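Peer 1: Going down the list, the sequences are from chains A and B.
Throughout, the working numbering is defined as the position within the first sequence, counted from one, plus 25.
Throughout, the working numbering is defined as the position within the second sequence, counted from one, plus 104.
Because the hints were derived from the structure by calculation, they are not lab data.
Be aware that a few hints might be false.
What the hints assert, rightly or not - Simulated crosslink set (DSSO-like; lysine-lysine; CA at most 27 Å straight-line):
{"#": "1", "chain 1": "B", "residue 1": "LYS527", "chain 2": "A", "residue 2": "LYS51"}
{"#": "2", "chain 1": "B", "residue 1": "LYS527", "chain 2": "B", "residue 2": "LYS455"}
{"#": "3", "chain 1": "B", "residue 1": "LYS449", "chain 2": "B", "residue 2": "LYS501"}
{"#": "4", "chain 1": "A", "residue 1": "LYS51", "chain 2": "B", "residue 2": "LYS255"}
{"#": "5", "chain 1": "B", "residue 1": "LYS137", "chain 2": "B", "residue 2": "LYS449"}
{"#": "6", "chain 1": "B", "residue 1": "LYS203", "chain 2": "B", "residue 2": "LYS135"}
What the hints assert, rightly or not - Residues from chain A that keep clear of chain B, each with C-beta distances beyond 12 Å, as calculated:
{"#": "7", "residue": "MET26"}
{"#": "8", "residue": "ILE27"}
{"#": "9", "residue": "PHE88"}
Just so we're clear, the structure is a prediction, and the values are computed from it rather than from any experiment.
No residue lacks a Cβ here, since even glycine has one placed at the ideal position from N, Cα and C.
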Amino acid sequence: MIPISWYLILAAALFSIGLFGVLARKNAVAILLGVELMLNAVNINLVTFWRYNAPAEVTGQVFAIIVFAVAAAEVAVGLALIISIYRNRNTIVADDLDLMKW
Amino acid sequence: MFNSSMILAILPEILLLLLGLLILILDIVLKGKDGRNLGWVAAGGLLFILVLNVFLAKPTMPTDVFGGMIRYDMLGYVFKMLFIFGAMLTSLFMMDSEKLGNRGESYILLLVATIGMNLMASATDLIMLYLAIETTSIPMYILAGFMRDDKKSTEAGLKYLLFGAMASTVMLYGFSLIFGFTGTTALGAISGFSLPLALGVIVLILVGIAFKISLAPFHFWAPDVYEGAPTPITGFLSTASKAAGFAVLMRLFIGLFPPASAYAPSWTLIMAVLATITMTVGNVVALSQSNIKRMLAYSSIAHAGYALVGVVSLSELGVGSVTFYLIAYVLTNLAAFGIIAAFSKVTGSEKISDFAGMSRRNSGLALAMLVAFLSLTGMPPFGGFVAKVFVFAAAVKADMVWLAIVGILNSIVGLYYYLTVLKVVYLHRMEGENEEAHPIPLSRPYAIALSVLSAGILLIGIIFGPWFNIASSAAAGLF
Chain A
26 MIPISWYLIL AAALFSIGLF GVLARKNAVA ILLGVELMLN AVNINLVTFW RYNAPAEVTG
86 QVFAIIVFAV AAAEVAVGLA LIISIYRNRN TIVADDLDLM KW
Chain B
105 MFNSSMILAI LPEILLLLLG LLILILDIVL KGKDGRNLGW VAAGGLLFIL VLNVFLAKPT
165 MPTDVFGGMI RYDMLGYVFK MLFIFGAMLT SLFMMDSEKL GNRGESYILL LVATIGMNLM
225 ASATDLIMLY LAIETTSIPM YILAGFMRDD KKSTEAGLKY LLFGAMASTV MLYGFSLIFG
285 FTGTTALGAI SGFSLPLALG VIVLILVGIA FKISLAPFHF WAPDVYEGAP TPITGFLSTA
345 SKAAGFAVLM RLFIGLFPPA SAYAPSWTLI MAVLATITMT VGNVVALSQS NIKRMLAYSS
405 IAHAGYALVG VVSLSELGVG SVTFYLIAYV LTNLAAFGII AAFSKVTGSE KISDFAGMSR
465 RNSGLALAML VAFLSLTGMP PFGGFVAKVF VFAAAVKADM VWLAIVGILN SIVGLYYYLT
525 VLKVVYLHRM EGENEEAHPI PLSRPYAIAL SVLSAGILLI GIIFGPWFNI ASSAAAGLF
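Using the sequences provided together with the hints, build the complete structure.
Peer 2: In structure tokens form, the structure reads like this:
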């Protein structure tokens, strides 16, 4: 069997890539995508821990299912907000959203 | 399997859901006409829920219900009543907000967010906790960006969502690691992982909670979102949402690190440093603000710091004092934002200099502002004073005298910017000195809500004994 650490390293890498995307990308959609990558990393973690630690219990699976249900809701709201910003301002670049500063 | 304590444990949530459905149906029946009256339905319904729960749903001894997902205890109960009270006054403030008040959805979203907060205050399982936090956050993202044609509001909504989604995901990564190391998601059963690992996981989780209560390194969203969001929503966001974050913070971390545990000292130190930074940053940056909502946003960051002083002491007195602090703070800040909503509805301005001559334009509103702002500074005989005394007392009792001194010094800084606003309100004159020609009429919902809040601030400040007993009984359940 593949050692558990492989999966955890994959998840940690995916999480870091997502976090980098959130912090470095300018486009609001790309930032949202970064958040999705981070959430997927969490799901890999959850499913791995479930499979290796307690395959008899459903806790890990339930947690993962709830996480992607919430992620879908969050993205729906996020895209709706991005659309309404685009209609008002004709831009979705995060740096241009600077009406409020200090 | 089912018994009465299970129903009682989630009675507020059930009733809130029913009220939401009622408003949804009424909204369809009315076909968008008279939408404003839905605010009366929401406020009346919430008052009914509050009264019913005060008499029926008071827990006698802590029990875990629904397979350990929810704990039915005084801490959750006190916070739930606080959130329902906050939502009731917020729906009154929302009624005369131009873009919010006529839309049934806004009240439903408010109620859903309140359900989420109620669950946050009582969740004792990581899955339930995450779900509750998101149930609170997602409706709040929508409400912050509710005014679709308003550039600032949509910007506030998107910023809140992007920061919030990131912070809660980092926290979730921490949850997944806890699940991995301990094999369980129940808070009660989580214990005993090694110090370096525990500290790493704690930092991840702290990011999410620090975002919710806007602690210093994670406070950047707060001023922007508070400024852009519709003012009644800002009030709700800065009070109930923050109180819910504190409820989670106390339950989670006192569960994870009992005061006797070996990790408690390092955790206390982290929290003390965070509290110091938060108080200082909030107060110092607030000094230079010209927009009143932004100033109050920084002031609410500072207040999160004061409340955190109570958490640091990791004692029963500490948790009780934080609960009391939050009760006083919810009343005070709701009043402050309600006054601003009433003012800017008439004048269309949120600049501090435009508050000149307000005491002559509407003396009642100015009086309410005096009460709210003096309570924010921590002047006797208002609620804010007693709350600060208890929090600092808890710090002194936990041998953290320096933290109490930092807090007191910060209160003095705070005094300056709160009193500056009051000076503008009472001593400055409008341009042209014809204030009588520009009255600020108060509609009935505002008048009711502001009188209730002002009376409440005074009541908590003068007769604080019974309120502190309630707060202490909430704390007793945790230890």
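Peer 1: Hint by hint, say whether it matches the structure.
Peer 2: Taking the hints in turn, this is what the structure says about them:
1. The suggested pairing of LYS527/B with LYS51/A is violated, with an alpha-carbon distance near 42 Å, which exceeds 27 Å.
2. Proposed proximity of LYS527/B and LYS455/B is supported: the alpha carbons are some 14 Å apart, at most 27 Å.
3. Of the pairs offered as hints, the one joining LYS449/B and LYS501/B is violated, with about 46 Å between alpha carbons and a cut-off of 27 Å exceeded.
4. Proposed proximity of LYS51/A and LYS255/B is supported: the alpha carbons are some 19 Å apart, at most 27 Å.
5. Straight-line distance between C-alpha atoms of LYS137/B and LYS449/B comes to about 21 Å, which keeps the hinted pair within the 27 Å bound.
6. With a C-alpha separation of about 17 Å, the suggested pair LYS203/B and LYS135/B falls inside the 27 Å cut-off, and the hint holds.
7. For MET26/A, the shortest C-beta to C-beta distance to chain B comes to about 17 Å, beyond the 12 Å cut-off, and the non-interface label holds.
8. Its beta-carbon lying about 16 Å from the closest one in chain B, ILE27/A satisfies the requirement of being farther than 12 Å from that chain.
9. Non-interface status of PHE88/A relative to chain B is broken: a Cβ of that chain comes within 12 Å, the nearest being about 5 Å off.
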